[in-house]
Amino acid sequence: MPRPIVLGNGEILVCEDGALNIRDFYYPYVGLFNHLSGHKIRMGVWCEGRFSWLDSGEWTITLGYQDDTLVSECLAVHPGMGLSLTVHDAVSHRENLFLRRVRLRNLSDFPREVRVFFSHNFHIAETDIGDTAFYNPFLRAVIHYKRDHWFLATGTSRYNGIYQYACGVKGFGGAEGTWRDCEDGELSGRPIEQGSVDSSISFRLLLPPGEEETLRYWIAAGHDYQQVRALHSQVVERGFDEVMRDTANYWMRWSEKGAELVQALPEPVAKLFRRSLLIMRTQIDDRGAVIAANDTDIMSTARAHYSYMWPRDGAIVAYALDTVGYPDTTRRFFEFCARVLPKDR
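Residue numbers (the working numbering): 14 to 358.
Hint data in this document are derived by calculation from the structure and do not stem from the laboratory. All values derive from a computational prediction rather than experimental measurement. Glycine included, each C-beta is placed from N, C-alpha and C at the ideal position. Any given hint could be a false lead.
[Stated by the list, open to error] Cβ pair distances, simulated, as ranges:
#, residue 1, residue 2, range
1, 123, 323, 52 to 62 Å
2, 86, 266, 12 to 22 Å
3, 310, 70, 13 to 23 Å
[Unchecked claim] As a list, the in silico SDA-like pairs of lysine to any residue whose alpha-carbon atoms are at most 25 Å apart:
#, residue 1, residue 2
4, 270, 335
5, 270, 300
6, 53, 240
7, 270, 23
Based on the provided sequences and hints, a complete structural model is requested.
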């Protein structure tokens, strides 16, 4: 699975590439549906008339996770722009929320205005036909939806919420999408579009010399408008940092099972053991399916994917987790197999 960062909670699975683009966003099942199918939710930065996407090749990016938890910890540095970004990502263990915290540091000795852009290229339910994207001024958020798949994207900094936004047509009639609109540092403010669509939002920050500011960005996933609005309200009311902290603590406790099995191992090996448990858990749906490989890169060579549940492979994973002490997870796998396998086997 060529995705260096994977995050999930059993209903959402988010897979990121080496430039911190979200390339796969599975919901409401791990493995189904992939609402990006390899397309990108990307991040870019504008400063002093210069724009750079994180996947431009101009950034030096270091990837990693916080120890023993499903919270990423990555560093992106652009020497030419004099900026560094420390990025922490997570999927809430309790709610269907993707969270990204970005700490921007001004590496220069003079104050600067910086704008951070997020562009959303959803293909809801694995197709771009009939999607809708609109800006909700009451929630100060962009919402993408089709039928019973809804995604709300927004964020906040110390200064304000969304600075500018745009919804537009992509990949049709000569239109590239609003991601191209980002590159001059300004967004059109178009509030709604339907069909093959994307959206972009920006945030404006003022960075003193040598100092940093924090941007918090999140995506809520739900079955209808009321659900994503309620999830958004939870982030606002509870506080973004508390939601992320609770998620980190939950996975730290979860990964402690089987500690006695690794007591005699060198710490680097024990650390890898715990990381392996966490990554395996992201590929397991809460309803029991253990998915083989949630990877859309194979779509470039074959019109198929590998987001399947193979009973044999799943049983090997379940055996390992049973041995370590996760019977609740493995019980759901066996119950799933009992429901879906032919009764004569």
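Hint check results:
1. 123 to 323: 52 to 62 Å: holds, 57 Å
2. 86 to 266: 12 to 22 Å: holds, 19 Å
3. 310 to 70: 13 to 23 Å: holds, 19 Å
4. 270 to 335: Judged against 25 Å, a Cα distance of about 11 Å means the pair holds.
5. 270 to 300: Holds. Residue 270 to residue 300 sits at ~21 Å (cutoff 25 Å).
6. 53 to 240: holds, 24 Å
7. 270 to 23: Cα-Cα ~18 Å, so holds.
Of the numbered hints listed earlier, not one is contradicted by the structure.
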